[in-house]
Amino acid sequence: MAESKITLEQVRHVALLARLELSPQDEERLRADMDEMLAYVDKLNELDTKSVAPTTQVGEAGTPMRDDEVTNRPAADAMLANAPSRDRNYFKVPKIIE
Amino acid sequence: MNREAYEAVIGLEVHTHLLTRSKLFCGCSTTFGAGPNENVCPICMGMPGVLPVLNRRVVELAIRTGLAAHCTIAPYSIFDRKSYFYPDLPKGYQISQYETPICKGGYLDLPPTENGDTRRIGLTRIHIEEDAGKNIHGESASLVDFNRSGVPLIEIVSEPDLRSAEDAGAYLRQLRAILRYVDASDGKMEEGSFRCDCNVSVRKRGATEYGVRTEIKNLNSFRFVEDAIEYEVDRQIAIVESGGKVAQETHLWDPTRKETRPMRSKEYANDYRYFPEPDLPPLVVPAEMVEKVRESMPELPADRKARYVREGLTEYEAGVLIADRDVADYFEATLPGLKNRKGAANWVMTEVLRVARESDKPFVEGVPPATEVGALLTMVEAQKISLNAAKTAFAAMVNSGKTAEATIAELGLAQVSDESAIAAAIDKVLAAEPDKLAEYRAGRDKLFGFFVGAVMKAMGGKANPKVINEILRAKLAG
Amino acid sequence: MASELNKLTIAEASAKLHAREITATQLTRDCLDRIAAAEPKLHAFLTVCEKEAVEQARAADARLAGGNAPALCGIPLGIKDIYATKGVRTTCASRILENFVPPFDATVIERLRADGAIFVGKTNMDEFAMGSSTENSAFGATTNPHDTARVAGGSSGGSAAAVAAHECLGSLGTDTGGSIREPASFCGVVGIKPTYSRVSRYGVIAFASSLDQVGPFTKSVRDAAILLRTLAGKDTRDSTCSARPVPDYELGLTGDVKGLRIGVPREYFVEGMQPEVEKSVRAALKNYESLGASTVEISMPHTGYAIAAYYLLATAEASANLARYDGIRYGLRVNSEDHIALYETTRAQGFGPEVKRRIMLGTFALSAGYYDAYYLKAQKVRTLIRNDFERAFEKCDLIVTPVAPTTAFKIGEKMNDPLTMYLSDIFTISVNLAGLPGMAIPCGHDSNNLPIGMQLIAPPFAEEAILRAGDAFERTGAFKPRTPAV
Chain B
1 MAESKITLEQ
11 VRHVALLARL
21 ELSPQDEERL
31 RADMDEMLAY
41 VDKLNELDTK
51 SVAPTTQVGE
61 AGTPMRDDEV
71 TNRPAADAML
81 ANAPSRDRNY
91 FKVPKIIE
Chain Y
99 MNREAYEAVI
109 GLEVHTHLLT
119 RSKLFCGCST
129 TFGAGPNENV
139 CPICMGMPGV
149 LPVLNRRVVE
159 LAIRTGLAAH
169 CTIAPYSIFD
179 RKSYFYPDLP
189 KGYQISQYET
199 PICKGGYLDL
209 PPTENGDTRR
219 IGLTRIHIEE
229 DAGKNIHGES
239 ASLVDFNRSG
249 VPLIEIVSEP
259 DLRSAEDAGA
269 YLRQLRAILR
279 YVDASDGKME
289 EGSFRCDCNV
299 SVRKRGATEY
309 GVRTEIKNLN
319 SFRFVEDAIE
329 YEVDRQIAIV
339 ESGGKVAQET
349 HLWDPTRKET
359 RPMRSKEYAN
369 DYRYFPEPDL
379 PPLVVPAEMV
389 EKVRESMPEL
399 PADRKARYVR
409 EGLTEYEAGV
419 LIADRDVADY
429 FEATLPGLKN
439 RKGAANWVMT
449 EVLRVARESD
459 KPFVEGVPPA
469 TEVGALLTMV
479 EAQKISLNAA
489 KTAFAAMVNS
499 GKTAEATIAE
509 LGLAQVSDES
519 AIAAAIDKVL
529 AAEPDKLAEY
539 RAGRDKLFGF
549 FVGAVMKAMG
559 GKANPKVINE
569 ILRAKLAG
Chain A
577 MASELNKLTI
587 AEASAKLHAR
597 EITATQLTRD
607 CLDRIAAAEP
617 KLHAFLTVCE
627 KEAVEQARAA
637 DARLAGGNAP
647 ALCGIPLGIK
657 DIYATKGVRT
667 TCASRILENF
677 VPPFDATVIE
687 RLRADGAIFV
697 GKTNMDEFAM
707 GSSTENSAFG
717 ATTNPHDTAR
727 VAGGSSGGSA
737 AAVAAHECLG
747 SLGTDTGGSI
757 REPASFCGVV
767 GIKPTYSRVS
777 RYGVIAFASS
787 LDQVGPFTKS
797 VRDAAILLRT
807 LAGKDTRDST
817 CSARPVPDYE
827 LGLTGDVKGL
837 RIGVPREYFV
847 EGMQPEVEKS
857 VRAALKNYES
867 LGASTVEISM
877 PHTGYAIAAY
887 YLLATAEASA
897 NLARYDGIRY
907 GLRVNSEDHI
917 ALYETTRAQG
927 FGPEVKRRIM
937 LGTFALSAGY
947 YDAYYLKAQK
957 VRTLIRNDFE
967 RAFEKCDLIV
977 TPVAPTTAFK
987 IGEKMNDPLT
997 MYLSDIFTIS
1007 VNLAGLPGMA
1017 IPCGHDSNNL
1027 PIGMQLIAPP
1037 FAEEAILRAG
1047 DAFERTGAFK
1057 PRTPAV
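Chains as they are written, first to last, in my numbering: chain B, 1 to 98; chain Y, 99 to 576; chain A, 577 to 1062.
Worth double-checking, as some hints may not be accurate.
Unchecked claim - Here are some, though not all, of the chain Y residues that point toward chain A, as calculated from beta-carbon distances under 8 Å: (1) S181; (2) P188; (3) F373.
These are computed hints drawn from the structure, not numbers from a lab. Even glycine gets a Cβ: it sits at the ideal position worked out from N, Cα and C.
Taking the hints into account, I'd like the entire structure generated from these sequences.
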């Protein structure tokens, strides 16, 4: 059997990084799916890319910049309208302990 | 503990807000003190579908800072996404710069020590990034305010060239001075616009390899920085001396208990998964832009110091005045109309700085306005008041808020130069002291000072000493 | 007999509206009636904006009466639920945004509003644009109007089906790996993905920032030109958006393709393709030759690596783009003891399985120790794929390929194995990696009456060439659209 591309431990670590709670069935299914995908993308190693520059963007060069002007007006109610939990003009979350 | 056997190695990462009107990637205001979530928009709140657009002024101020710190300005730098989850980070990533920052290298010279030594502290880099919002912790919940989210920051990273808490304090003060000189930042640690993280390690003196370092985060006063470093250096030396190993951790400084303690590690699983920001093209800074920034820069501390020396002050005097931009600006504001530049410098260095040190307010708020001090000094130059009278008036003005003229009038400190009044007083004194007069005439020159003092006393201290001298001399000669 | 103004094309309807032969109100009413009748079978819409549309139609009629109204004034359109529409629920077909109401419009929505277009509703899609069949919608799949046992394609399935079923005269989709072209092909309509950066992405909920593009679905190439003319152009709110001037795409539809050199890549005619698909595209090529174009065989040697590169790059960008869905400021929140649990359960319950899969893969590709082997490697292969196209365009002006290896597959057929689903993107994905413009236009049907589409690909910013060639093909009448079953 081909070597596994990813372990359950790694799946759990990635789920922590991505803040996704996974049930044991989820974990195993994801492990299998990721294994399949990672085995598939292995084919990229058939290509010698040592002297190839990476492409980050396919748009045009040049850096658009804006003037340093205040163009927004306060609109706390509109910005908080979708808040799942609100306390006056704050977003409320469970207590954070540092 | 054998501190002498060990060397502390310290590097500082300073995050400072840039003085712009609007945020880094959106047109929200950056003013401090607005009501919660008033200075926010879909962009700085990370709503679905929004995109960042770079504020030109941020780039200019970053370049200014880089030039002032002798950095190389990168003609081409890249923004990256730094991913982590925290309630005050709306997108779940911060737009920052990772491998290709806008400024590299550079240095800061620490002010000379008592024996004239200077030290050069290297900089690694300066980069642009956005700030996160703020969490306020209540009893049973936390509240999140995104006003600060998206405010532009530069992060200035020093090489690990600092060797003590004092070094660190000197470096921070110097850095803040430079930032304030170039109008890049107001350096207000209390308002959170100047934050410092420290990397601290120790090694046996003479060793070349670095020890394991801990990071102490978010110190928001110079005092805390110095205290935390001292504590941490001792803590690490104790561990190493007893044969243990320093753990690579992130700590918080507890100012009440005066100790560092580790942060919750789960929160800071340090895999930021940096990758180039696809929503922003690379930042291209042509040489022309750098030149334009260089030309428009306010005078740097070193240049201002050289100018003061050219204008007649000593190296030492110039050095004291430029240490804080507010003080140098204050000094220059006293000058219009004054002939005696050195006198003004001396006044600022002695009277004004003394009062400032005693006050706990920021410099400009704790001393009388520079223009009023200028007025006082102008009056001294015009001989309308004596230097002593000026000192008295100044002391009164510190808290009164009144003008120089009003204070002089109120306290009746105007100097009398009226020759006939002085002559009359002299006559009276000489008439009252016939023995002393005879002794003087016989050769005891020292009594001249006695007569001057007596006349001054008789005139309530308000006589112009120069006039007293002239007339007295004339009378005694004749 | 009930008026069926909804069956008109945009060009036809616009002419009649401007001539005051019909009203926007009548036209919109016909669309809304058709929606009411077809939706139970089709499920192309997540939100129908009846009240707003009627109001917009009233305003459009007033404007048309005044004369001088834009071409799109009074034209009912469907909008993929990925576009922020102010005051109207925008879900991205996800539970995590099920009740999200944006306080702002996407730039392209603003432009359409300014032209007086009418939004009849928000269309169904694969959740967060991740999918090729619209089966990943959290709210049920959209069916194919030609056979409701089959998929409409994805991720813009709702928008494609809505136009094919005459529920609206045109619609907006997005395309990251083929999500406009593939459903266009499956539903038998025209769908164009412009050059990356041609159209503003501001207000388009992001899946993969360096690949996403805005584009329309229409019944004809002329209609696509009309819509694109309004959508395209500089937007100061999108730093990646091009400032290049936008030509009047409609004026370029001369019908002339004499001397056009068409490249035919050998790697796009592979085993495992449905034979009728190949046959139909090759017949279309013959058609072009009879119009004076020439064909030349070209090679795109890195075609076989495109899917691998895409599924590393797109998922990596997506893993960061979807980090904002955390239950703090908007969207679903699952109440929890501490904020970490809040994130983990909210995201676990709010995201569907395909979204989770891609977030996991993308996070892994960027994680410490794996970045070089996966993300960076994929970026380098992206360069090779771009170079393939650059070299190809030295030999030809346009490239023609099939859009998908098959016609619309059955609902549920590819849901067991994600990789099988991913492989259906084989012909479209490279175009996104290279940032080029690509258009799908119907060119035939298979023996089950299912539409077959051909893809036209051009160099950057050569949308005019694509539209001209597509329009020329349409004019030959070689392809006649069939009435949908629904």
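Results of checking the hints against the structure:
1. S181: Because about 6 Å separates S181/Y from the closest Cβ in chain A, which is inside the 8 Å limit, the hint holds.
2. P188: Holds - the Cβ of P188/Y comes within 8 Å of chain A, reaching about 6 Å at its closest.
3. F373: The hint holds - F373/Y has a Cβ within 8 Å of chain A, the shortest such distance being about 6 Å.
Hint compliance for this structure: every hint is met.
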